[in-house]
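Protein chains in written order, with the working numbering: chain A, 1 to 154; chain B, 1 to 154; chain C, 1 to 154; chain D, 1 to 154; chain E, 1 to 154.
Honestly, I wouldn't trust all of these hints.
Chain copies aren't distinguished; within one or between two, either way the pair holds.
To be verified - Listed below are the simulated BS3-like cross-link pairs for lysine-lysine, each with C-alpha atoms no more than 30 Å apart in a straight line:
hint, residue 1, residue 2
1, 73, 26
2, 22, 151
3, 89, 111
4, 151, 54
5, 69, 54
6, 69, 26
7, 151, 3
8, 143, 54
9, 3, 111
10, 151, 89
11, 69, 3
For the record, the hints were derived by calculation from the structure and aren't laboratory data.
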Amino acid sequence: MYKIGIADTTFARYDMAKEVIKTLDKFYGQVTYQRYVVPGIKDLPVASFILFEKYNCDLVIALGMPGPKAYDKASAQIASEGLMMCQLKFGKHILEVFVHEDEGSTDYELKQIMQDRSIKHTFNAVYLLTNPQWLVDNAGRGKRQGFTDAKAIE
Amino acid sequence: MYKIGIADTTFARYDMAKEVIKTLDKFYGQVTYQRYVVPGIKDLPVASFILFEKYNCDLVIALGMPGPKAYDKASAQIASEGLMMCQLKFGKHILEVFVHEDEGSTDYELKQIMQDRSIKHTFNAVYLLTNPQWLVDNAGRGKRQGFTDAKAIE
Amino acid sequence: MYKIGIADTTFARYDMAKEVIKTLDKFYGQVTYQRYVVPGIKDLPVASFILFEKYNCDLVIALGMPGPKAYDKASAQIASEGLMMCQLKFGKHILEVFVHEDEGSTDYELKQIMQDRSIKHTFNAVYLLTNPQWLVDNAGRGKRQGFTDAKAIE
Amino acid sequence: MYKIGIADTTFARYDMAKEVIKTLDKFYGQVTYQRYVVPGIKDLPVASFILFEKYNCDLVIALGMPGPKAYDKASAQIASEGLMMCQLKFGKHILEVFVHEDEGSTDYELKQIMQDRSIKHTFNAVYLLTNPQWLVDNAGRGKRQGFTDAKAIE
Amino acid sequence: MYKIGIADTTFARYDMAKEVIKTLDKFYGQVTYQRYVVPGIKDLPVASFILFEKYNCDLVIALGMPGPKAYDKASAQIASEGLMMCQLKFGKHILEVFVHEDEGSTDYELKQIMQDRSIKHTFNAVYLLTNPQWLVDNAGRGKRQGFTDAKAIE
Numbered sequence: 001m002y003k004i005g006i007a008d009t010t011f012a013r014y015d016m017a018k019e020v021i022k023t024l025d026k027f028y029g030q031v032t033y034q035r036y037v038v039p040g041i042k043d044l045p046v047a048s049f050i051l052f053e054k055y056n057c058d059l060v061i062a063l064g065m066p067g068p069k070a071y072d073k074a075s076a077q078i079a080s081e082g083l084m085m086c087q088l089k090f091g092k093h094i095l096e097v098f099v100h101e102d103e104g105s106t107d108y109e110l111k112q113i114m115q116d117r118s119i120k121h122t123f124n125a126v127y128l129l130t131n132p133q134w135l136v137d138n139a140g141r142g143k144r145q146g147f148t149d150a151k152a153i154e
Numbered sequence: 001m002y003k004i005g006i007a008d009t010t011f012a013r014y015d016m017a018k019e020v021i022k023t024l025d026k027f028y029g030q031v032t033y034q035r036y037v038v039p040g041i042k043d044l045p046v047a048s049f050i051l052f053e054k055y056n057c058d059l060v061i062a063l064g065m066p067g068p069k070a071y072d073k074a075s076a077q078i079a080s081e082g083l084m085m086c087q088l089k090f091g092k093h094i095l096e097v098f099v100h101e102d103e104g105s106t107d108y109e110l111k112q113i114m115q116d117r118s119i120k121h122t123f124n125a126v127y128l129l130t131n132p133q134w135l136v137d138n139a140g141r142g143k144r145q146g147f148t149d150a151k152a153i154e
Numbered sequence: 001m002y003k004i005g006i007a008d009t010t011f012a013r014y015d016m017a018k019e020v021i022k023t024l025d026k027f028y029g030q031v032t033y034q035r036y037v038v039p040g041i042k043d044l045p046v047a048s049f050i051l052f053e054k055y056n057c058d059l060v061i062a063l064g065m066p067g068p069k070a071y072d073k074a075s076a077q078i079a080s081e082g083l084m085m086c087q088l089k090f091g092k093h094i095l096e097v098f099v100h101e102d103e104g105s106t107d108y109e110l111k112q113i114m115q116d117r118s119i120k121h122t123f124n125a126v127y128l129l130t131n132p133q134w135l136v137d138n139a140g141r142g143k144r145q146g147f148t149d150a151k152a153i154e
Numbered sequence: 001m002y003k004i005g006i007a008d009t010t011f012a013r014y015d016m017a018k019e020v021i022k023t024l025d026k027f028y029g030q031v032t033y034q035r036y037v038v039p040g041i042k043d044l045p046v047a048s049f050i051l052f053e054k055y056n057c058d059l060v061i062a063l064g065m066p067g068p069k070a071y072d073k074a075s076a077q078i079a080s081e082g083l084m085m086c087q088l089k090f091g092k093h094i095l096e097v098f099v100h101e102d103e104g105s106t107d108y109e110l111k112q113i114m115q116d117r118s119i120k121h122t123f124n125a126v127y128l129l130t131n132p133q134w135l136v137d138n139a140g141r142g143k144r145q146g147f148t149d150a151k152a153i154e
Numbered sequence: 001m002y003k004i005g006i007a008d009t010t011f012a013r014y015d016m017a018k019e020v021i022k023t024l025d026k027f028y029g030q031v032t033y034q035r036y037v038v039p040g041i042k043d044l045p046v047a048s049f050i051l052f053e054k055y056n057c058d059l060v061i062a063l064g065m066p067g068p069k070a071y072d073k074a075s076a077q078i079a080s081e082g083l084m085m086c087q088l089k090f091g092k093h094i095l096e097v098f099v100h101e102d103e104g105s106t107d108y109e110l111k112q113i114m115q116d117r118s119i120k121h122t123f124n125a126v127y128l129l130t131n132p133q134w135l136v137d138n139a140g141r142g143k144r145q146g147f148t149d150a151k152a153i154e
């Protein structure tokens, strides 16, 4: 039985964790989860740290929604660096599921991206832990999260 | 009883720590605090280190006010990186409360942003330690500090 | 007998690992390999960590294909930082074989770059482990991977 | 008795350490110092490391003068990152006293900035070690080094 | 007897290590050296790690020649970050001798820069280990490597 950590924020404008949890429910009996909510994306690395150390999670899904301004982009870069440092401290994956507010031009489009990305990365998380062969079978296939897959070059 | 560290600078043009302390006073009996003042934002990571290691704080609120020039932006990026490294050394949250001088166009506006951001992040700090359910209840709700909240996408 | 780790992604649009494996087969008896596939380039540092720690690899070849957008460039920078941190944790080489999607103007050109870079870096990997004198002999010779060599200055 | 480390470079066009030492002499009996000179700003982090580890300094003042080109700005960023990593390794302050060559338009102006910044940061260094209350009393007061103070917002 | 490590690449278009070795020969009996060649600049940090850990070098000279494209500049930044991390792991100097391909407009000019920078930094390396007073005597004197010295401000 694997335990997946979910770290998310009050800053995000959509509750992506809801999509993650709904998807994890399909794997009932195989994976369980622990959720930890923080104010903003820069707080996700410590959230992940705590999910690994205190809650013994095997992998963390970190959900965030950086704003469109230069300052927000800088925050996203720092948050990503922190998630990287945390991963290399524990030797465990943190799947970064960030949706930049300027990736969609309407709230409807943004919501589509957030749902698609959250769901597909939840599958990635489960496969990394329980079925790595799925990833080998899809290596170099142009898989995308948030959008339709890119064309693979044969 | 939790202890919150407050790290702030002589460089900032407003005493944000005053707002933090006033807000913490509402939680008398639940949280106590320790303050440590440094010259500039790049000195906040070691201030936080000392607040964690020497003063045994459970969480640090780091207050800073980066200037508007390219050089100041670069300093803010380094300061944020340092706060991130420090957080991942101790596995404890540092809430970064930075107000960039170009976020407001007048001193009055800047002061409003600084007060609002300091107060709301102090609540975040207390809730992270004493009432994490508040954060879960507000996940994905577009909470903002310094400004009014953003619209949540249902 | 040396063991080379291969870390690659489902995001890439071409299966570069295939080229690496084909090249490693020329060194049958001298080197063996272990493959680990992840969703995207930011997941390669932990993949490398696991290849070093769990699978005892002596060197890792990390294959990735960053997209052309500013966001992709930022991801590539974080991925590279993570690969660097991982290398300095273990004191072992990770050869970063990234092909940026805008390095080629057609899929055909991209494929040529990916094949050439993958193959040449596989030779580099093997030489680093088994024949460092080859690298000394080629020091300062303008060797390029993905393109023809640059002119050496005598 | 506190010991302050002084790290400076042969690259700088002015001997800022001279100003630091002159200022430290005012605190004879309270602080002593150790100097370590390196070629350029990227060498200051190891200089600080050695001043902490070998010479047991309590705080380091790192003096540098980055050039005006993009390449110099990138070097200054790396140097600052290194000073940050070093601070968080030892949990001790390094006051970064960098004067960018483009901060002044004449050599005379540059010299004024370098003198003012070196002297004021030496006072900061001494106060951090011996009189932290001075910093508390000046928190949020818009203190500047190299220029006159900014206006505080009441 | 000090041991200096030399790390260089097959990517560079000129054999700068040759200049370093020729210069070190002037210090026969005082310093010895160990060379380690890698494919590109991002591989220099692990080369330095190995020169420190396996070969017990006291200092490393890292030679590289980043290309002129944005991608190359990003690689140089990562390489520098890695060299910084490695220095702070061992508390020993790595003198970064990078010559950017766009620093010279002709191959002849580039070669002049590479020779001058390699030779002068080899002297810096030897002085750091055997004659630190030379650096103190030249502090703030505008010393340059690759070009003539800048004017010192008295």
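For each hint, the structure was consulted:
1. Taking the shortest Cα distances, residue 73 and residue 26 never come within 30 Å of each other, neither inside one copy (34 Å) nor across copies (34 Å).
2. In this assembly of identical chains, the alpha carbons of residue 22 and residue 151 lie at most 30 Å apart whether taken from the same copy (29 Å) or from different copies (23 Å).
3. In the homo-oligomer, the alpha carbons of residue 89 and residue 111 never lie at most 30 Å apart, since the shortest distance is 33 Å inside one protomer and 35 Å across protomers.
4. In the homo-oligomer, the alpha carbons of residue 151 and residue 54 never lie at most 30 Å apart, since the shortest distance is 42 Å inside one protomer and 33 Å across protomers.
5. Taking the shortest Cα distances, residue 69 and residue 54 never come within 30 Å of each other, neither inside one copy (34 Å) nor across copies (37 Å).
6. For the identical chains of this complex, residue 69 and residue 26 are neighbours neither inside a copy (37 Å) nor across copies (34 Å), given an alpha-carbon limit of 30 Å.
7. Taking CA atoms no more than 30 Å apart as the test, residue 151 paired with residue 3 passes in neither setting, with 33 Å inside one copy and 32 Å between copies.
8. For the homomeric pair residue 143 and residue 54, the shortest alpha-carbon distance between copies (27 Å) is at most 30 Å, but the shortest distance inside one copy (33 Å) is not.
9. In this assembly of identical chains, the alpha carbons of residue 3 and residue 111 lie at most 30 Å apart only when taken from the same copy (27 Å versus 39 Å across copies).
10. In this assembly of identical chains, residue 151 and residue 89 lie within 30 Å of each other by CA distance neither inside one copy nor across copies; the values are 35 Å within and 36 Å between.
11. For the identical chains of this complex, residue 69 and residue 3 are neighbours neither inside a copy (35 Å) nor across copies (34 Å), given an alpha-carbon limit of 30 Å.
Taken one by one, the earlier hints fail for this structure at numbers 1, 3, 4, 5, 6, 7, 10, 11, listed in ascending order.
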